[in-house]
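Participant: Sequence:
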Amino acid sequence: MITPLKRKNFDELIPAVPTSEQYQYYWGDGQSVFRRIAISIACVIVFTILYNRVHENNPSSFAALIMFVCAALGGLYWMLEPIALASFRNAKLRRFAYCGFWQAEVLDVYVSQEVLARAEKVDSRGRMDVSYDAESFLNIELGDETEFVTTLRLPMKRELKRIRPDQTVYLLLFSNDRRFGRVSRITSDAYIPQYNLWVGDYPYLRRDTFVDLTKYMVKRSQKITN
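Just so you know, the working numbering puts 158 at position 8 of the sequence shown, and the rest follows in order with no gaps.
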């Protein structure tokens, strides 16, 4: 069942300003950090040179101010890129007019493989050797009593092996229809309280707030049932 949420709750759960988990997601590994630092250094050097040239000819020009601002922002690029990427990704969900709290059930769980790359190599005997770089994905089919069904597809991880059919899952669904007659296939990350497990590639939700919402919704449904 989908329970529509107020826009205030929507904005709290999917923040415009990235959470620490979202920032960490885009922080990346050491190689990513090195790439961003290199870009920052290059930006500072280029825009500083341009600023000096413009400033010499016309110290009070607007172009000189622009070059100075660009150099400053370029120096901070290595810190700002994760914020920008996370904000852009959050905005993809925040553009929907409505969101709803969805209590779903795991209908099926199965593993699939996807070929990421195909390589061909000729061996010493002149024969073609073809190799494939494949990755395993876990597909989690979710549904409810209204017969709405969607599938979460995630890279295989050890903690996901605990997921079984009939388990209860909570997440957000999004729509531009107030009555949720048409629902986007894009969902938030999902929460399985049985294992205190978060399921999803990207941590869309402000998780402490969503856990509190889940507890409230469960209590409310129990009161209605009783």
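Hints listed in this document are in silico derivations from the structure and should not be mistaken for laboratory results. Nothing here was measured: the structure is a model prediction, and the numbers come from that model. Don't take each hint at face value.
Stated by the list, open to error - Mimicking PhoX-like on lysine-lysine, the simulated pairs with C-alpha atoms at most 20 Å apart in a straight line are:
1) K158 - K242
2) K156 - K311
3) K311 - K158
4) K242 - K156
5) K156 - K365
Unchecked claim - Label pairs and their calculated CB-CB ranges:
6) Q372 - S182: 13 to 23 Å
7) G180 - H205: 28 to 38 Å
8) P154 - Q372: 12 to 22 Å
9) V259 - S182: 53 to 63 Å
10) G331 - E255: 15 to 25 Å
A virtual CB, placed ideally from N, CA and C, is assigned to each residue, including glycine.
Participant: Taking the hints in turn, state whether each one holds.
Facilitator: Here's how the hints hold up against the structure:
Taking the CA atoms of K158 and K242, the gap is about 17 Å. The hint holds against a cut of 20 Å. A hinted pair counts as satisfied when its Cα atoms are at most 20 Å apart, and K156 with K311 does not qualify at roughly 34 Å. As the CA atoms of K311 and K158 are separated by approximately 35 Å, the hinted pair breaks the 20 Å bound. Simply put, K242 and K156 have alpha-carbon atoms about 18 Å apart, close enough for the 20 Å limit, and the pair holds.
At roughly 17 Å between alpha-carbon atoms, K156 and K365 fall within 20 Å of each other, so this suggested pair holds. Between Q372 and S182 the beta carbons are some 45 Å apart, a value that contradicts the proposed interval 13 to 23 Å. Evaluation of the 28 to 38 Å hint for G180 and H205 yields a pass: the beta carbon distance comes to about 37 Å. Taken as a hint, the range 12 to 22 Å holds for the pair P154 and Q372, whose Cβ atoms sit roughly 20 Å apart.
A hinted range of 53 to 63 Å for the beta carbons of V259 and S182 is inconsistent with their spacing of about 32 Å. Checking the proposed 15 to 25 Å range against G331 and E255 shows it holds: the Cβ atoms sit about 21 Å from each other.
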